[in-house]
Structure formats: C-alpha cells, structure tokens
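Residue 26 in the UniProt record's numbering sits at position 26 of the sequence shown, and the numbers go up by one each step.
Hint data in this document are derived by calculation from the structure and do not stem from the laboratory.
Built from N, CA and C at the ideal position, the CB exists for glycine as well.
Please note: incorrect hints may appear among the correct ones.
Unchecked claim - Label-pair restraints from in silico Cβ distances:
(1) E9 / E48: 37 to 47 Å
(2) R77 / E32: 30 to 40 Å
(3) A76 / I51: 11 to 21 Å
(4) A58 / T80: 41 to 51 Å
(5) D45 / M1: 39 to 49 Å
(6) E82 / S17: 49 to 59 Å
(7) D13 / N44: 35 to 45 Å
(8) R62 / T31: 11 to 21 Å
(9) L70 / V3: 32 to 42 Å
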Amino acid sequence: MQVAGWHVEIEFDEDESHTRAAALLRLRDGTELRARTRSTRDRNDPNEPRIGEEIAGARALRDLAEQLELKGRAEARNLTKEYKQ
C-alpha cells in the first residue's frame with residue numbers, strides 16, 4: 001500500500017463585518033488548487049471572528065472539493081479515452 005498526502009492551507013483576513021478565506025490545496029502531482037471566499041457578519045450578530053472563519057473556511061473547502069472533483073473526472077475521462085485507443 002502506498003501512503004499519499006495532500007497539503008491544505010487556509011488563511012483568514014477579517015474586518016468589522018467580513019471574513020475572507022484564501023485556501024490552497026497542493027496535490028502530490030504538483031497541482032495547486034486555490035479558492036477565495038468570504039462571509040459577512042450581520043450587524044445584529046455578536047462579534048465572534050471564529051464563526052466567520054468557520055463559514056468562510058467551509059466555503060473555501062467546498063470550492064476546493066468541487067475543483068478537485070472536476071480535475072479527477074477530467075483525468076479519468078482522458079485515461080479512458082487513451083485506454084480505448
């Protein structure tokens with residue numbers, strides 16, 4: 001069995017009402033996928049940065065997951081075409 005790993009980084013930038021997340025996923029083939037998202041705090045909500053980070057971070061991870069799925073599907077399609085030829 002081969003052990004493989006991916007490296008994910010998420011950085012946050014916050015102001016009074018917004019949290020921005022920048023995510024980077026490095027795959028073992030050298031590919032880097034990136035996502036930028038944000039969340040907005042309602043003015044009636046308590047000022048709790050952790051919540052904005054969780055929401056913006058989840059959105060960034062969801063974006064990365066979608067990109068990763070598209071990449072995998074495209075690679076599988078290409079390999080299937082090569083195999084049939």
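Results for each hint:
As the Cβ distance of E9 to E48 is approximately 23 Å, the hint placing it in 37 to 47 Å is violated. Take R77 and E32: their Cβ atoms lie about 22 Å apart, and the range 30 to 40 Å is violated. Our hint of 11 to 21 Å for A76 and I51 is violated, since their Cβ atoms are close to 37 Å apart. Taken as a hint, the range 41 to 51 Å is violated for the pair A58 and T80, whose Cβ atoms sit roughly 33 Å apart.
For D45 and M1, the Cβ-Cβ distance of about 47 Å falls inside the hinted range of 39 to 49 Å, so the restraint holds. Separation of E82 from S17 is about 50 Å and conforms to the stated range, judged on CB atoms against 49 to 59 Å. Against the hinted window of 35 to 45 Å, the Cβ-Cβ separation of D13 and N44 comes to about 23 Å, which falls outside the hint. Between R62 and T31, the C-beta spacing of about 18 Å keeps the proposed range 11 to 21 Å intact.
Between L70 and V3 the C-beta distance comes to about 25 Å, which lies outside the given range of 32 to 42 Å.
Against the hints set out earlier in the document, violations occur for numbers 1, 2, 3, 4, 7 and 9.
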